[in-house]
Amino acid sequence: MKKGNQGDGGGRPAVELTAEQIIELKALASVLNKSQVADYFGISENTLRAIEKRQPEVFAAYKKGRVNQIAGMGSNLIQLAKKGNVTANIFYLKTQAGWKESEPEVQEIPPINIIVDGNAVNASAE
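Going by our numbering, the residue at position 13 of the sequence shown is 471; the numbering climbs one at a time, nothing skipped.
Derived by calculation from the structure, the hints in this document are not laboratory data.
Check each hint, because a few of them may be wrong.
[As the list claims (entries may be wrong)] Now the in silico label distances, taken between C-beta atoms and shown as ranges:
1. Glu474 x Gly556: 42 to 48 Å
2. Glu474 x Ser560: 51 to 57 Å
3. Ile528 x Ser502: 24 to 30 Å
All residues carry an ideal CB built from backbone N, CA and C; glycine is no exception.
Model the full assembly from the supplied sequences, consistent with the hints where possible.
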């Protein structure tokens, strides 16, 4: 029988990640979101967030893994842009320099009047 107030013991023991798991998490963070990382470890996303609160090094490892991947991808993008990849240049300038594509100016087409001449002869009918 449970002793004490509600929330005092009796529940599952708190999950803690080992040093090896934290290294794994850092590597996984470069390609997976938190929900997917939690699935990998067989826990819920809420449990992962609770672990991050109890173990700040877990939160730091996740952030570091994400940042490292973003930095690497950014470097690759810059290298492609410098080599003349037009798509990479445009993407970079849109996301980093605030470039925007302007909407084409709308031009109204004047109405066209078609007049059918009843005296016209259909050349193929003859």
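Hint-by-hint comparison with the structure:
1. Glu474 x Gly556: 42 to 48 Å: Hint holds: Cβ distance 44 Å, inside 42 to 48 Å.
2. Glu474 x Ser560: 51 to 57 Å: Given a distance of about 54 Å, which is inside 51 to 57 Å, the answer is holds.
3. Ile528 x Ser502: 24 to 30 Å: Since isoleucine 528 and serine 502 have Cβ atoms about 26 Å apart, the given range 24 to 30 Å holds.
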